[in-house]
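Protein chains: 6
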Amino acid sequence: MALDLPQGVLSEANLAYFEKCREKLGFVPNVLAAYAHDDAKLSAFAGFYNELMLAPSGLSKLEREMIAVAVSSVNRCYYCLSAHGAAVRQLSGDAVLGEMLVMNYRAAELSMRHRAMLEFAVKLTEEPHRIEEADREALRQAGFSERDIWDVAAVAAFYNMSNRMASAVDMRPNAEYHRQGR
Amino acid sequence: MALDLPQGVLSEANLAYFEKCREKLGFVPNVLAAYAHDDAKLSAFAGFYNELMLAPSGLSKLEREMIAVAVSSVNRCYYCLSAHGAAVRQLSGDAVLGEMLVMNYRAAELSMRHRAMLEFAVKLTEEPHRIEEADREALRQAGFSERDIWDVAAVAAFYNMSNRMASAVDMRPNAEYHRQGR
Amino acid sequence: MALDLPQGVLSEANLAYFEKCREKLGFVPNVLAAYAHDDAKLSAFAGFYNELMLAPSGLSKLEREMIAVAVSSVNRCYYCLSAHGAAVRQLSGDAVLGEMLVMNYRAAELSMRHRAMLEFAVKLTEEPHRIEEADREALRQAGFSERDIWDVAAVAAFYNMSNRMASAVDMRPNAEYHRQGR
Amino acid sequence: MALDLPQGVLSEANLAYFEKCREKLGFVPNVLAAYAHDDAKLSAFAGFYNELMLAPSGLSKLEREMIAVAVSSVNRCYYCLSAHGAAVRQLSGDAVLGEMLVMNYRAAELSMRHRAMLEFAVKLTEEPHRIEEADREALRQAGFSERDIWDVAAVAAFYNMSNRMASAVDMRPNAEYHRQGR
Amino acid sequence: MALDLPQGVLSEANLAYFEKCREKLGFVPNVLAAYAHDDAKLSAFAGFYNELMLAPSGLSKLEREMIAVAVSSVNRCYYCLSAHGAAVRQLSGDAVLGEMLVMNYRAAELSMRHRAMLEFAVKLTEEPHRIEEADREALRQAGFSERDIWDVAAVAAFYNMSNRMASAVDMRPNAEYHRQGR
Amino acid sequence: MALDLPQGVLSEANLAYFEKCREKLGFVPNVLAAYAHDDAKLSAFAGFYNELMLAPSGLSKLEREMIAVAVSSVNRCYYCLSAHGAAVRQLSGDAVLGEMLVMNYRAAELSMRHRAMLEFAVKLTEEPHRIEEADREALRQAGFSERDIWDVAAVAAFYNMSNRMASAVDMRPNAEYHRQGR
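Chains as they are written, first to last, in my numbering: chain A, 1 to 182; chain B, 1 to 182; chain C, 1 to 182; chain D, 1 to 182; chain E, 1 to 182; chain F, 1 to 182.
It is worth saying that the hints were derived from the structure and are not from the lab. The model shown is predicted, which means the values in this text are computed figures rather than measured ones. We put the CB at the ideal spot given by N, CA and C, even for glycine. Careful: at least some of the hints might be erroneous.
As the list claims (entries may be wrong) - The calculated BS3-like cross-link candidates involving lysine-lysine, where the alpha carbons are at most 25 Å apart (straight line), are:
| # | chain 1 | residue 1 | chain 2 | residue 2 |
| --- | --- | --- | --- | --- |
| 1 | D | K41 | C | K61 |
| 2 | D | K123 | C | K123 |
| 3 | A | K41 | A | K24 |
| 4 | D | K123 | F | K61 |
| 5 | A | K61 | A | K20 |
What the hints assert, rightly or not - Some residues of chain D that are not near chain E, with every Cβ distance over 12 Å (derived):
| # | residue |
| --- | --- |
| 6 | C77 |
| 7 | Y78 |
| 8 | M112 |
| 9 | E133 |
| 10 | E146 |
| 11 | M171 |
| 12 | A175 |
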């Protein structure tokens, strides 16, 4: 990371969280390490992230990761494409799907549901001021509930934040991501 | 809000938070009401927001609101321009400054510090993939510390999320904002 | 105004025009003051402007001001957004409408007529080379006559000039505009 | 012209003006014919145009036509590129210059003065909200006076109006333009 | 040409090719002269070009030149607009058509076939990543065979190369082009 | 491939070429298979490609592949990113470099030479009409000869063609590419 921010003193809870990352993933994701210069901010970010990506939702975890990659592709975010491209490869068991979403999601043969989901996410990324009722209606037509629409929007919006944070401070993805799910 | 999401059962903590909003602001901001369909998501969002905008920082609260407005202007977000335009008017005591940031921040006569801060925030919004070391260096030259740069980036990134969330679900600003700080 | 252009000698007619502005508005709009370095150019501009914005038309004065604001929002013109935003607030008696048009006209709940009118004006502003018969036909479908279409186009085109003139010479709006119609 | 607007009753002055066009040019330019559905609007437009393009200025008539073409090239306006491309060919006696300005002014080997002039005009056309003091200063460095800068801006701004008017109503250039100055 | 690349030793075949150009056209097109710094590259380029533009195809030679001009207009390539604009004027016997395609193909009254052909070529130029099955289907609906679609794509793609090559090395069109077909 | 174009009768030379592909690569690249509907076009394309990418040049083969990937990333071409991303991974022995060029070349720590090379290639791709002498001069400053500049331009221009051809006909990369050089 290009910013010179030494790790702060971490709370018990965050030390345990990092330990759990090491056990489950084999490493602490660099995005978390980046937030660790401030324990309170790390807690707030991790809490928000986990609620979004891991809590129960009408969207599967894979679907949330697909949105993350499609959004990060528009924003050309090296960190997020590496980390979430790996997640799509792993959750789908389809390495090529992960690459297609990194390169151009339009190249993938997607279900109507997934196509509608990614079109909404990409339009929200590229031209948020042009999102209108017709865009929400297209998601309803593809079978998404009101709550699902919220979740599609929330994941797409989150990566518009996260992509910019990673680019702003030049976060570098953990080396492990590049090999996962190949 | 265009999405039909009834308010969920709120925890004691969030009920108290809403009560505090009513006391201090006279109303519950509609963005919080929008998240209230899910108590856990409301907590995560409010925690993240308060840490970002209200916790101690090398950036003043006015500076953080200025970034919020400049970013929301690029994204043409009606909700955030209304709410945070009001905040700039109130915190600065300068109604015209608030309007200039809504319309085109380049019209404002800003200090070198504020100019550099908004240029970074706007570039990060418009073309995050082009942010490079030279952009961070420009902030350092304008007197920002490493931690300050993180905070500039974090606020700008957050409103890129928040703008999109508001546009995606068609959040409408509380009527009170329009008159504040005129 | 950033350009250093002293006021020229004004004709009787233009002196009277300025006097009339002071009586009716309480001030001479700075755009007129800016043209006053050259009496003939002031006359030509004022003649053209008055014919466009005040002469009888199938478009109401409010509608013409709505177009002015929507176009100026695309071009992010501080002067015109201030002056014509005030006009929309005053003519409509709806301060929030004025702000929505400044921020993002898509946020406003507009009649079909007004929606079609602003969509044409904004497309003409953003990508004039893509205007085709289908765009004119959409106005006809919304009830606009041939002459009305001319007037929609003429007002939108005029503010594409005026916005650029204001930005080019850094015109500053009269302070009075900011409070009008709140 | 795609709009079905019959010519109105013209005043003596405008009839004489059209007669003068026929004598000097051999035809009435279609842009004037288009405005002739309304005598007052024709007078206002012609007055404004003549003041801008023909009145004394620190910019030569050729320079004003060069700006007209460079701006019309950005906006891809068929009418204005035909009419003012012809004017550049005739006034300069350099048919290739006319074509280069239609196609891409950067291909022309221009004096520093003309390069600075067209760069300002094109930036004002493409991104008026980014024009700042540095842009005006570049014109001063190239030898333009305050009044000259006004005139560069005024011509560039005018064709941003005129291009859009022509595209909006589908004005077709007189056939004569295509052969002039070849 | 801005690059300082002396002509290489040409093979018999290429010397004969240049001689044939002089006989048929009166000159060697500067694009060929530019490639002549390397005999093998000249052969490869000329072979590829001739196969594309002159070999039998469901597209007429005029149609292929129309695509060349429409694509070169998007890319604002002075060399290609000069050379292929001349070709359209000559092959069509319609000088105005050539100019319209240089300026804005949407201004031309085209057959459904030609309109569909140029819309595909321009979209492929402007946003190749958004081309999808629906775009190919639009060509089929306009009567193009599978092989014809390949040829439309191949010509449009080729000028996206050729435009960039000409701009990169600042190729200047032969003076003869400007007068051809007027 | 979305176009339904059966393979044509291939010449001895092209049959041998395909056989050589199978021996060296283990497969015939689908781009060659796509051109095989027409033997003469296959020969012309393959001749042009081999001259460009494999013939002696001041640019190494890896450098030519790096340009191919950076250009294809701008154009979001799934086929070319897959095939040439694999080539960068293999030629460099650096899988992460290949991914960074696919995602955002600015994330890679490049030598001054490679940075200048890719900046030229990407600008030529994004805005060819803005390439000027200063851009060529930047390459000279980075040590590129006149002939090298031609080659940088030629490779970048070629992939602007090839990306569009692949997108136009929906070429799908051979499955082998995805695993190469991981």
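Going down the list of hints, with the structure as the test:
1. K41/D - K61/C: holds (17 Å)
2. K123/D - K123/C: holds (19 Å)
3. K41/A - K24/A: holds (23 Å)
4. K123/D - K61/F: violated (39 Å)
5. K61/A - K20/A: holds (19 Å)
6. C77: violated (7 Å)
7. Y78: It is violated; Y78/D is separated from chain E by about 4 Å at its closest Cβ, not greater than 12 Å.
8. M112: Per Cβ check, M112/D is outside 12 Å of chain E; nearest 19 Å; holds.
9. E133: holds (29 Å)
10. E146: holds (32 Å)
11. M171: Since the minimum Cβ distance to chain E is about 10 Å, M171/D lies within 12 Å and the statement is violated.
12. A175: violated (8 Å)
Consistency with the previously given hints fails for numbers 4, 6, 7, 11 and 12, ordered from lowest to highest.
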